[in-house]
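**Student:** So you can see what is in the structure, the chains are spelled out below.
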Amino acid sequence: MSKNSTSIAGSGPGSGTGDYFTPYPDEVLENVLENVLVFLKTRRDRNAVSLVCKSWYRAEAYTRSDLFIGNCYAVSPQRVLNRFKRIRSVSLKGKPRFADFSLVPADWGAHFTPWASAMASGYRALEKIYLKRMSVTDDDLAMIAHSFANLKELVLVCCDGFGTGGLSVIVSQCRNLRVLELNEDEVSDDEIDWISCFPSEGTSNLESLCFDCVECAINFDALERLVARSPLLKKLRLNRYVSIGQLYRLTLRAPQLTHLGTGSFGQFEGDNQELDSRASFAACKSVVCLSGFREIAPEYLPMIYPVCANLTSLNLSYANINAEQLKPVIRQCHKLQVFWALDSIGDEGLEAVADTCKDLRELRIFPLNPSENAEGLVSEVGLLAISIGCRKLESILYFCQRMTNAAVVAMSENCPNIIVFRLCIIGRYRPDRITGQPMDEGFGAIVKNCKKLTRLAISGLLTDQAFSYIGQYGKLVRTLSVAFNGDSDTGLKYILEGCVSLQKLEIRDSPFGDMGLQSGLHHFYNMRFVWLSSCRVTRQGCLDIATRLPKLVVEVFRRDEEEGGERDDFVETLYMYRSLDGPRADAPQFVKIL
Amino acid sequence: MLHLKETELCLGLPGGGCEVVETNSKVTGKRGYLETVDLMLNLQPNDQQSSSSTDHLNDNKLQHSTKNKDLIKPPAKAQVVGWPPVRNYRKNVMAQKSNNEETEKVVAATTGGTVAAFVKVSMDGAPYLRKVDLKLYKSYQQLSDALAKMFSSFTMGEYASQGMIDFMNDSKLMDLLNSSEYVPSYEDKDGDWMLVGDVPWEMFVDSCKRMRIMKGSDAIGLAPRAMEKCKNRC
Chain A
1 MSKNSTSIAG
11 SGPGSGTGDY
21 FTPYPDEVLE
31 NVLENVLVFL
41 KTRRDRNAVS
51 LVCKSWYRAE
61 AYTRSDLFIG
71 NCYAVSPQRV
81 LNRFKRIRSV
91 SLKGKPRFAD
101 FSLVPADWGA
111 HFTPWASAMA
121 SGYRALEKIY
131 LKRMSVTDDD
141 LAMIAHSFAN
151 LKELVLVCCD
161 GFGTGGLSVI
171 VSQCRNLRVL
181 ELNEDEVSDD
191 EIDWISCFPS
201 EGTSNLESLC
211 FDCVECAINF
221 DALERLVARS
231 PLLKKLRLNR
241 YVSIGQLYRL
251 TLRAPQLTHL
261 GTGSFGQFEG
271 DNQELDSRAS
281 FAACKSVVCL
291 SGFREIAPEY
301 LPMIYPVCAN
311 LTSLNLSYAN
321 INAEQLKPVI
331 RQCHKLQVFW
341 ALDSIGDEGL
351 EAVADTCKDL
361 RELRIFPLNP
371 SENAEGLVSE
381 VGLLAISIGC
391 RKLESILYFC
401 QRMTNAAVVA
411 MSENCPNIIV
421 FRLCIIGRYR
431 PDRITGQPMD
441 EGFGAIVKNC
451 KKLTRLAISG
461 LLTDQAFSYI
471 GQYGKLVRTL
481 SVAFNGDSDT
491 GLKYILEGCV
501 SLQKLEIRDS
511 PFGDMGLQSG
521 LHHFYNMRFV
531 WLSSCRVTRQ
541 GCLDIATRLP
551 KLVVEVFRRD
561 EEEGGERDDF
571 VETLYMYRSL
581 DGPRADAPQF
591 VKIL
Chain B
595 MLHLKETELC
605 LGLPGGGCEV
615 VETNSKVTGK
625 RGYLETVDLM
635 LNLQPNDQQS
645 SSSTDHLNDN
655 KLQHSTKNKD
665 LIKPPAKAQV
675 VGWPPVRNYR
685 KNVMAQKSNN
695 EETEKVVAAT
705 TGGTVAAFVK
715 VSMDGAPYLR
725 KVDLKLYKSY
735 QQLSDALAKM
745 FSSFTMGEYA
755 SQGMIDFMND
765 SKLMDLLNSS
775 EYVPSYEDKD
785 GDWMLVGDVP
795 WEMFVDSCKR
805 MRIMKGSDAI
815 GLAPRAMEKC
825 KNRC
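Each protein sequence line maps, in turn, to chains A and B. 560 is the number that the working numbering gives to position 560 of the first sequence; each next residue is one higher, with no gaps. Each position in the second sequence, counted from 1, maps to that position plus 594 in the working numbering.
Don't read these hints as lab results, they were simulated from the structure. Hints should not be assumed to be uniformly reliable.
Think about it this way: if two alpha-carbon atoms lie no more than 30 angstroms apart in a straight line, the pair counts; the simulated BS3-like pairs of lysine-lysine are [as the list claims (entries may be wrong)]:
hint: 1; chain 1: B; residue 1: Lys732; chain 2: B; residue 2: Lys803
hint: 2; chain 1: B; residue 1: Lys743; chain 2: B; residue 2: Lys732
hint: 3; chain 1: A; residue 1: Lys551; chain 2: A; residue 2: Lys392
hint: 4; chain 1: B; residue 1: Lys783; chain 2: B; residue 2: Lys803
hint: 5; chain 1: B; residue 1: Lys783; chain 2: A; residue 2: Lys132
hint: 6; chain 1: B; residue 1: Lys729; chain 2: A; residue 2: Lys132
hint: 7; chain 1: A; residue 1: Lys392; chain 2: A; residue 2: Lys285
hint: 8; chain 1: A; residue 1: Lys54; chain 2: A; residue 2: Lys85
hint: 9; chain 1: A; residue 1: Lys234; chain 2: B; residue 2: Lys691
hint: 10; chain 1: A; residue 1: Lys235; chain 2: B; residue 2: Lys691
hint: 11; chain 1: B; residue 1: Lys729; chain 2: B; residue 2: Lys803
hint: 12; chain 1: B; residue 1: Lys725; chain 2: A; residue 2: Lys152
hint: 13; chain 1: B; residue 1: Lys714; chain 2: B; residue 2: Lys783
hint: 14; chain 1: B; residue 1: Lys725; chain 2: A; residue 2: Lys592
hint: 15; chain 1: A; residue 1: Lys54; chain 2: A; residue 2: Lys41
hint: 16; chain 1: A; residue 1: Lys475; chain 2: A; residue 2: Lys327
hint: 17; chain 1: B; residue 1: Lys725; chain 2: B; residue 2: Lys691
hint: 18; chain 1: B; residue 1: Lys732; chain 2: B; residue 2: Lys714
hint: 19; chain 1: B; residue 1: Lys725; chain 2: A; residue 2: Lys132
hint: 20; chain 1: A; residue 1: Lys152; chain 2: A; residue 2: Lys235
hint: 21; chain 1: A; residue 1: Lys504; chain 2: A; residue 2: Lys551
hint: 22; chain 1: A; residue 1: Lys392; chain 2: A; residue 2: Lys452
hint: 23; chain 1: B; residue 1: Lys743; chain 2: A; residue 2: Lys592
hint: 24; chain 1: B; residue 1: Lys725; chain 2: B; residue 2: Lys809
hint: 25; chain 1: B; residue 1: Lys691; chain 2: A; residue 2: Lys132
hint: 26; chain 1: A; residue 1: Lys327; chain 2: B; residue 2: Lys691
hint: 27; chain 1: A; residue 1: Lys392; chain 2: A; residue 2: Lys327
hint: 28; chain 1: A; residue 1: Lys285; chain 2: A; residue 2: Lys152
hint: 29; chain 1: A; residue 1: Lys592; chain 2: B; residue 2: Lys691
hint: 30; chain 1: A; residue 1: Lys234; chain 2: A; residue 2: Lys152
hint: 31; chain 1: A; residue 1: Lys475; chain 2: A; residue 2: Lys551
hint: 32; chain 1: B; residue 1: Lys714; chain 2: A; residue 2: Lys132
hint: 33; chain 1: B; residue 1: Lys729; chain 2: A; residue 2: Lys592
hint: 34; chain 1: A; residue 1: Lys448; chain 2: A; residue 2: Lys392
To list a few chain A residues with every Cβ distance to chain B over 12 angstroms, as calculated [as the list claims (entries may be wrong)]:
hint: 35; residue: Asn82
hint: 36; residue: Pro114
hint: 37; residue: Glu153
hint: 38; residue: Asp221
hint: 39; residue: Ala279
hint: 40; residue: Ala283
Even glycine gets a Cβ: it sits at the ideal position worked out from N, Cα and C.
With these hints in hand, go ahead and build the complete structure from the sequences.
**Tutor:** And the structure:
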């Protein structure tokens, strides 16, 4: 890529040409660096390069095109715009993950607006926007649509604050849009037919359209026409307002699809389109990733048989099906690498997966009934079967009602490639079902034997011993989730002193207090965030930390938005993170920044 | 559709709202007396247990269940907010499937304080709707200011500076309704469209289901009924 390709005339804001013009300092070194740096993509490499010396720092800043900000409050938009001038892609993450579980009040923050305004003037050539857990308004979407002529990709994950009105502005104005992916967002129904707002003439460049989370009916005829004129469309994820008959019609229009979200996968009342029982998705020869099944009529499952052999990813996690219904499908999925399902498939279903899916890398089993008093549909039996059958497993999320140390130890030994291990024993404080012992040894084996482990979520009855193991062996662990575990401050001490790679720590309802927290003073600046809720940290303890670490933003708040942040003697929620630009100006009344 | 449960009184712990984690209930699930009594009795001061962990009970059956789950910690069977860690999004989807009816978007947004009262606000001529939480405001003036800010990018004209319509002044009202300025109207519990400002604020918050900001001339039809209802109340 020569530098001439980016020196198009047209300067700064208001040009609307959608490209950059930056005067290059006349230095040979910088020319060379820039042409070399172009090949460095990962942010780790680029961060390393920028630390070498000033001219490398500058050269790197000129040539970085992908911006990743893991915590939107760690840095101000202005600082970012001052350093990096030629960004084409932005990834921004906002609220802490526990916001997904109602532990963060709705008005806490993570507003996209200041970023949108800053980038609207600074990054005119922006092509890709990826947001996770941000509050995005319809006005923000309108600003995006008006400011970025070259916008090609918009991906919103777990965001809220906008509606179909905002979407309609995006799809009608962003003429270069290729990718629009809405993933688990909360989208309000503004009663606007946004699908019809895509330009209706000519071929569209659309490659990916995912709206499975949009909870309102869509204009199917408009969608069908859109799909018919999108020859490049590879990913299509429908919402539950699309019936199976309509889905079938779409697959005939788009046989080139590789990723398909099936929508309801059921019949609607009054649907005068009786689906031929011999109909199937045979037309979709290229589909490798299948999801959806939001209101599944299991008798239609045979329709997917023709694509099973090619599937590398299958998401049945919204489908309440049992082992008998799963088996004929899973038996054909020899190439499956990613499998998500409900625990309704039972241990028997998991055994079927273990029998066939020898290439499985990622497994997620969600609870059909997420209650502590529900009957457990999967157990240590299923986990053990998976560990024996799927040796290449790298990532697992497993919800269950009971577990044994033996099964977890077995998994640690059978699946040494595990990078992500998240076990959620739904009943709090539950010990090993058979021995009655705490689950310390199981999790201990995971950190000891899975040498590539970077993400860990623990559960069940755990003593400080478990934390001792984690601190001792979890040297690569970057993300740790703790809930209702541990005995004392010592547990937290083990973690903070032992886990040298720790970036994200989220703890709730555990007996960790000020003393434990103090053990992390040497490390907090290196972390993306620390979250402690319903633990035993006091306001004074938090104040100590804030005083000793001035660049740390220490937020204290209560979930119910009562001011002060304390419940009885302890702080209800402590959320802290390093920021280059001091405490945020948009904190609501109930958030106290110490 | 009016959700009567949302207006029911609900017993709860201080500082906590009625939080339902169970997939079959809406956010403001009512608890039976027995459950509440047991809830109070189950709260045992204990080193390990924090007060936020017992917020809502799941089922009457639990209270009488003698099943011992081999717990070392106190066996409080109350459902806990945000536990198990299944995303709200997923919980809502599964709840919809079992209820087979649409849950309000506001359900997912509730934090545990007073239940929010989101209503959609549309303005004639504006490209998209807004949602406002009426519970955030304490008076018509505050609401009016907020709306003016929200819709300021679209012409508001006189309304923006005037604020609440003066209902006591018939002729002023008629002037406004004859003009092309914007007036806010709302749909109340009975399905009637009324002019905003005719009832006391609290009553308005309870009965308003959605709002529409329309041209004064379009709102003429509302006036007589609004004034009649107003006169009956005064």
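**Student:** Now tell me if each hint is right for this structure.
**Tutor:** Hint-by-hint comparison with the structure:
1. Lys732/B with Lys803/B: 17 angstroms, holds
2. Lys743/B with Lys732/B: Distance of about 17 angstroms is within 30 angstroms: holds.
3. Lys551/A with Lys392/A: 42 angstroms, violated
4. Lys783/B with Lys803/B: Measuring from Cα to Cα gives roughly 7 angstroms; hence the hint holds.
5. Lys783/B with Lys132/A: Cα-Cα ~37 angstroms, so violated.
6. Lys729/B with Lys132/A: With Cα atoms ~28 angstroms apart, lysine 729/B and lysine 132/A stay inside 30 angstroms; holds.
7. Lys392/A with Lys285/A: Answer holds: lysine 392/A to lysine 285/A is near 26 angstroms, not above 30 angstroms.
8. Lys54/A with Lys85/A: Status holds; Cα separation ~16 angstroms.
9. Lys234/A with Lys691/B: Roughly 28 angstroms between the alpha carbons, so the hint for lysine 234/A and lysine 691/B holds.
10. Lys235/A with Lys691/B: Roughly 25 angstroms between the alpha carbons, so the hint for lysine 235/A and lysine 691/B holds.
11. Lys729/B with Lys803/B: At roughly 13 angstroms apart (the allowed maximum being 30 angstroms), lysine 803/B and lysine 729/B satisfy the hint.
12. Lys725/B with Lys152/A: This hinted pair holds, its Cα atoms lying about 29 angstroms apart.
13. Lys714/B with Lys783/B: 14 angstroms, holds
14. Lys725/B with Lys592/A: 27 angstroms, holds
15. Lys54/A with Lys41/A: The hint holds at about 20 angstroms.
16. Lys475/A with Lys327/A: 39 angstroms, violated
17. Lys725/B with Lys691/B: It holds: about 25 angstroms lies between the C-alpha atoms, which stays within 30 angstroms.
18. Lys732/B with Lys714/B: 18 angstroms, holds
19. Lys725/B with Lys132/A: 22 angstroms, holds
20. Lys152/A with Lys235/A: Cα-Cα ~15 angstroms, so holds.
21. Lys504/A with Lys551/A: Measuring from Cα to Cα gives roughly 17 angstroms; hence the hint holds.
22. Lys392/A with Lys452/A: 13 angstroms, holds
23. Lys743/B with Lys592/A: 27 angstroms, holds
24. Lys725/B with Lys809/B: Holds, at about 20 angstroms.
25. Lys691/B with Lys132/A: 26 angstroms, holds
26. Lys327/A with Lys691/B: 23 angstroms, holds
27. Lys392/A with Lys327/A: 21 angstroms, holds
28. Lys285/A with Lys152/A: 27 angstroms, holds
29. Lys592/A with Lys691/B: 39 angstroms, violated
30. Lys234/A with Lys152/A: 15 angstroms, holds
31. Lys475/A with Lys551/A: Distance ~25 angstroms between lysine 475/A and lysine 551/A Cα, so the pair holds.
32. Lys714/B with Lys132/A: 25 angstroms, holds
33. Lys729/B with Lys592/A: 22 angstroms, holds
34. Lys448/A with Lys392/A: Holds - the C-alpha atoms of lysine 392/A and lysine 448/A are around 18 angstroms apart, at most 30 angstroms.
35. Asn82: 29 angstroms, holds
36. Pro114: 17 angstroms, holds
37. Glu153: 22 angstroms, holds
38. Asp221: 22 angstroms, holds
39. Ala279: 24 angstroms, holds
40. Ala283: Correct as stated: the minimum Cβ-Cβ distance to chain B is 28 angstroms, above 12 angstroms.
In terms of the numbered hints stated before, the structure departs from hints 3, 5, 16, 29, listed from lowest to highest.
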